[in-house]
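Chain by chain, the residues run as shown.
There are 2 protein chains.
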Amino acid sequence: MSSSNPGAAVAPPDWLDAIAWDADGLVPVIAQEAGSGDVLMFAWMNREALAATAQRGEAVYWSRSRRRLWHKGEESGHVQQVLEIRTDCDADVVLLTVRQLGHEPGIACHTGRHSCFFQKLDGGRWHTTAPVLKDPATMYARG
Amino acid sequence: MSSSNPGAAVAPPDWLDAIAWDADGLVPVIAQEAGSGDVLMFAWMNREALAATAQRGEAVYWSRSRRRLWHKGEESGHVQQVLEIRTDCDADVVLLTVRQLGHEPGIACHTGRHSCFFQKLDGGRWHTTAPVLKDPATMYARG
Chain A
33 MSSSNPGAAV APPDWLDAIA WDADGLVPVI AQEAGSGDVL MFAWMNREAL AATAQRGEAV
93 YWSRSRRRLW HKGEESGHVQ QVLEIRTDCD ADVVLLTVRQ LGHEPGIACH TGRHSCFFQK
153 LDGGRWHTTA PVLKDPATMY ARG
Chain B
33 MSSSNPGAAV APPDWLDAIA WDADGLVPVI AQEAGSGDVL MFAWMNREAL AATAQRGEAV
93 YWSRSRRRLW HKGEESGHVQ QVLEIRTDCD ADVVLLTVRQ LGHEPGIACH TGRHSCFFQK
153 LDGGRWHTTA PVLKDPATMY ARG
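Chains A and B are the protein sequences, given in the same order. Under this note's numbering, the first residue of the first sequence is numbered 33, with each subsequent residue one higher. Under this note's numbering, the first residue of the second sequence is numbered 33, with each subsequent residue one higher.
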């Protein structure tokens, strides 16, 4: 089994059955960058998304707003290569270790920032703490 | 403002209003360890929990199962000192940077492990990857 494709070798349904899917059939997912340890983003997966993530070795989420599978980077090219898939003690949260591809440094956020977690509380106010690395208008103009 | 108590100086309601609380009035919360960058756990907060977290400088979650505020470590002594509070681009997820107190190395998981994310997918099966640092039976026997 390639380390970049953690579930591809077998991928029987039983490891998916171990997940405690919520009432909507979803599980929250945290994407953490390999190396830096930065938490890049948070999203959701259904069973199909998690199976596809393991099979492709790239993050496939469930878009709750668009109600469809969302292969991260499908428009922007900012694909997440999945190195590890973990779940927690209750098996109701998934943690991915990813390589954020398509730009250096990696851009996980739709605002063009490295991480989605760029707002920091300080003195009772939220402050933007990270620069836009790429204009979002150019990220989603791939035809 | 002390860096260990990110919202204490002012803590007016407006920074709490910026959070996109879900239909149940909750927001998902990721706790990440300062220094190591390890993702320790995932939980939920309501408005009161997030306000209390900022005010105390210690993580206070909302227990969905017990339907009450849960000052992390209240039984085990494994309190999380909060160094930073962040939110994401959509302000619908919170990321805490914490120091996991009460044991060295820190124990965030109720199973007695460092992190809750100790189950790793490999070859189509979940494998336990982290040792129990302390017997949970001794963690919750504080009378």
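One should not assume that every hint holds.
Derived Cβ-Cβ restraints for the label pairs, each shown as a range [unchecked claim]:
no., chain 1, residue 1, chain 2, residue 2, range
1, B, 66, A, 165, 34 to 44 Å
2, A, 164, B, 137, 32 to 42 Å
3, B, 170, A, 98, 45 to 55 Å
4, A, 123, B, 109, 40 to 50 Å
5, A, 106, B, 170, 31 to 41 Å
6, B, 96, A, 164, 17 to 27 Å
7, A, 99, B, 106, 16 to 26 Å
8, B, 160, A, 67, 37 to 47 Å
Not the full set, but computed from the structure, chain B residues with beta-carbon under 8 Å of chain A [what the hints assert, rightly or not]:
no., residue
9, 47
10, 53
11, 57
12, 58
13, 60
14, 74
15, 78
16, 113
17, 115
18, 125
19, 131
20, 142
21, 149
Read the hints as simulated data drawn from the structure, not as lab findings. Glycine is no exception: its CB is placed at the ideal position from the N, C-alpha and C atoms.
Status of each hint after checking the structure:
no.	hint	verdict
1	66/B <-> 165/A: 34 to 44 Å	violated (24 Å)
2	164/A <-> 137/B: 32 to 42 Å	holds (37 Å)
3	170/B <-> 98/A: 45 to 55 Å	holds (48 Å)
4	123/A <-> 109/B: 40 to 50 Å	violated (26 Å)
5	106/A <-> 170/B: 31 to 41 Å	violated (49 Å)
6	96/B <-> 164/A: 17 to 27 Å	violated (35 Å)
7	99/A <-> 106/B: 16 to 26 Å	violated (39 Å)
8	160/B <-> 67/A: 37 to 47 Å	violated (24 Å)
9	47	holds (6 Å)
10	53	violated (15 Å)
11	57	violated (17 Å)
12	58	violated (12 Å)
13	60	holds (6 Å)
14	74	holds (4 Å)
15	78	violated (17 Å)
16	113	violated (15 Å)
17	115	violated (11 Å)
18	125	holds (4 Å)
19	131	violated (15 Å)
20	142	holds (7 Å)
21	149	holds (4 Å)
When the structure is compared with the earlier hints, violations turn up for hints 1, 4, 5, 6, 7, 8, 10, 11, 12, 15, 16, 17 and 19 and for no others.
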